[in-house]
Amino acid sequence: MNTKIDKIKNFRLYLLKQIEGLTAQQLNYIPPGYNNNIVWNVGHLISSQQNMCYVRAGLPITVDDRYFSPYISGTKPSAVLNDQQIVNLKDLLITSIDRFQSDFDKAIFQNYSPSVMIPKVYGFEVPNIDEAIEYLLYHEGFHLGCILSLKRFV
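Under the UniProt record's numbering, read the sequence shown as residues 1 to 154, first letter to last.
Some clues are possibly wrong.
Stated by the list, open to error - DSSO-like cross-link-like pairs, simulated, lysine-lysine; straight-line CA separation at most 30 Å:
1) LYS90 x LYS4
2) LYS9 x LYS90
3) LYS106 x LYS9
4) LYS90 x LYS106
5) LYS106 x LYS151
6) LYS17 x LYS151
7) LYS76 x LYS17
8) LYS4 x LYS17
9) LYS76 x LYS9
10) LYS9 x LYS151
11) LYS7 x LYS106
12) LYS4 x LYS151
13) LYS76 x LYS4
14) LYS76 x LYS151
15) LYS17 x LYS7
16) LYS7 x LYS90
17) LYS7 x LYS151
18) LYS90 x LYS76
19) LYS17 x LYS90
20) LYS90 x LYS151
21) LYS106 x LYS4
To be verified - Computed beta-carbon distance windows for the label pairs:
22) ASN35 x GLY123: 17 to 25 Å
23) VAL154 x LEU13: 33 to 41 Å
24) TYR14 x VAL154: 34 to 42 Å
25) ILE72 x GLY33: 29 to 37 Å
26) ILE30 x PRO60: 30 to 38 Å
27) VAL87 x LEU148: 36 to 44 Å
Please keep in mind that the hints were generated in silico from the structure rather than gathered at the bench. Every value quoted in this text rests on a predicted model; they were computed, and no experiment measured them. Yeah, the Cβ is synthetic: ideal placement off N, Cα and C, and Gly gets one too.
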């Protein structure tokens with residue numbers, strides 16, 4: 001059991017409470033001056049965790065690609081998500097971190113390849129899975145801030 005992964009899960013549960021009750025229209029809304037919306041940020045958290053943990057370790061992602069590729073860094077919303085797609089993303093926010101915890105406990109992330117972009121953007125390396133988990137804590141907080149900012153417009 002990794003307490004940092006528990007923190008990510010608790011953080012995601014808190015995030016879900018913050019967007020509870022918002023409609024599909026509100027979750028898909030892109031305010032003027034913004035490049036994305038609330039639901040894209042939710043998908044991006046899933047995609048980033050898959051990329052930072054599984055892809056960097058040479059492992060296949062554990063979510064359907066439709067919940068991965070559209071949300072990687074550098075993308076923006078390309079479609080309006082319907083209620084069922086949003087429910088699926090919200091569910092994946094929790095089930096993907098539960099799966100990650102299970103896989104982490106099995107020590108499957110041994111062949112980790114550091115990202116070349118992280119040092120260029122942030123000035124520090126993420127050389128192994130433990131550092132990736134620490135990075136994810138920061139990343140989740142950053143995107144919660146984005147979500148709360150976007151929420152003010154809906």
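Hints and how they fare:
1. LYS90 x LYS4: Holds, at about 20 Å.
2. LYS9 x LYS90: holds, 12 Å
3. LYS106 x LYS9: holds, 18 Å
4. LYS90 x LYS106: At roughly 25 Å apart (the allowed maximum being 30 Å), LYS106 and LYS90 satisfy the hint.
5. LYS106 x LYS151: violated, 38 Å
6. LYS17 x LYS151: OK: LYS17 and LYS151 at ~12 Å, within 30 Å.
7. LYS76 x LYS17: Satisfied, since the Cα-Cα distance of roughly 24 Å is no more than 30 Å.
8. LYS4 x LYS17: Answer holds: LYS4 to LYS17 is near 20 Å, not above 30 Å.
9. LYS76 x LYS9: holds, 24 Å
10. LYS9 x LYS151: holds, 21 Å
11. LYS7 x LYS106: holds, 19 Å
12. LYS4 x LYS151: With a Cα-Cα distance of about 27 Å, the restraint between LYS4 and LYS151 holds, given a limit of 30 Å.
13. LYS76 x LYS4: Between LYS76 and LYS4 the Cα gap is close to 28 Å, so the pair holds against 30 Å.
14. LYS76 x LYS151: holds, 17 Å
15. LYS17 x LYS7: holds, 15 Å
16. LYS7 x LYS90: holds, 17 Å
17. LYS7 x LYS151: OK: LYS7 and LYS151 at ~23 Å, within 30 Å.
18. LYS90 x LYS76: holds, 18 Å
19. LYS17 x LYS90: holds, 11 Å
20. LYS90 x LYS151: holds, 16 Å
21. LYS106 x LYS4: holds, 16 Å
22. ASN35 x GLY123: 17 to 25 Å: holds, 23 Å
23. VAL154 x LEU13: 33 to 41 Å: Taking Cβ atoms as reference, VAL154 and LEU13 lie about 21 Å apart, which means the hint is violated.
24. TYR14 x VAL154: 34 to 42 Å: violated, 18 Å
25. ILE72 x GLY33: 29 to 37 Å: violated, 22 Å
26. ILE30 x PRO60: 30 to 38 Å: holds, 31 Å
27. VAL87 x LEU148: 36 to 44 Å: With a Cβ separation near 21 Å, VAL87 and LEU148 fall outside 36 to 44 Å, so the hint is violated.
This entry does not satisfy hints 5, 23, 24, 25, 27, going by the numbered hints stated previously.
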